[in-house]
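**Q** Sequence lines, in order, name chains U and B. Positions in the first sequence are counted from 1; adding 63 to them yields the working numbering. Positions in the second sequence are counted from 1; adding 691 to them yields the working numbering.
Source of the hints: derived by calculation from the structure; they are not laboratory data. Just so you know, these numbers come straight off a predicted model, no measurement behind them. Cβ atoms here follow ideal geometry from the backbone N, Cα and C, with glycine treated the same way. Don't take each hint at face value.
Some chain U residues judged to face chain B by a derived CB distance under 7 Å, without partners named [claimed, not checked]: (1) 108; (2) 111; (3) 121; (4) 126; (5) 134; (6) 161; (7) 164; (8) 174; (9) 192.
Here chain U is said to cover these stretches of chain B; the calculated rule only asks that three of the stretch's residues, wherever they fall, bring their Cβ under 8 Å from a Cβ of chain U [as the list claims (entries may be wrong)]: (10) 692-703; (11) 715-724.
The residues making up each chain are set out below.
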Amino acid sequence: MANQTTAKTKVVEPAQPANTMSVIAPALGWLIPGAGHMIQKRWIRGALLFVSIGTLFILGLMMQGHIYKANGGDILDMLGFIGDLGAGGMYIVTLAMNWGQGAVAFAIADYGTKFMIVAGLLNFIAVADAYHIAIGKKQ
Amino acid sequence: MTIQLTHFSAAFVFSLFASIVFGITHRETTREMVRYGLYCFAMFLGGLLAAGWAMWLVRR
């Protein structure tokens, strides 16, 4: 009785083979929006992502939106930083050039701030999509 | 260089580009991507107009 074992059926999904592309595509896609798709020969999708995310981010800057830096203060500021960080290379260049540091004085500038955060968040989705293509989960 | 968009044009541009990204990333085939992108765009603009009219009614 002590040796009786209960037979448990466990469904084990086959592990996805880790490949180089599953690391490179998301990293490149984060740095340059759409590049994660382009490196996997999804040219049109990559170009559309690049134009869409890039235009949103640049319009946000032109609308005098505010860019968030790493901070440990207000929770909304931290979330803003996480959103902005998603834009990857564009965020790094913006910080390096000291753009987007003005005070938000009118409604359109506040829209600009949101444009840049959403551009970053959309790029996070694009990065996840590039990863799914790399591991073969999506065509 | 700065740009001044109206509230509607800002919402229109936002809807357009967000819908393109949603369409590409949330569906498998090209046809489904286009359909879902158009659906998202219509929902964005429809919601925008509905909210605008709702605020107009509340104001009166």
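**Q** Hints numbered earlier in the text: which of these fail when held up against the supplied structure?
**A** 3, 5, 6 and 7
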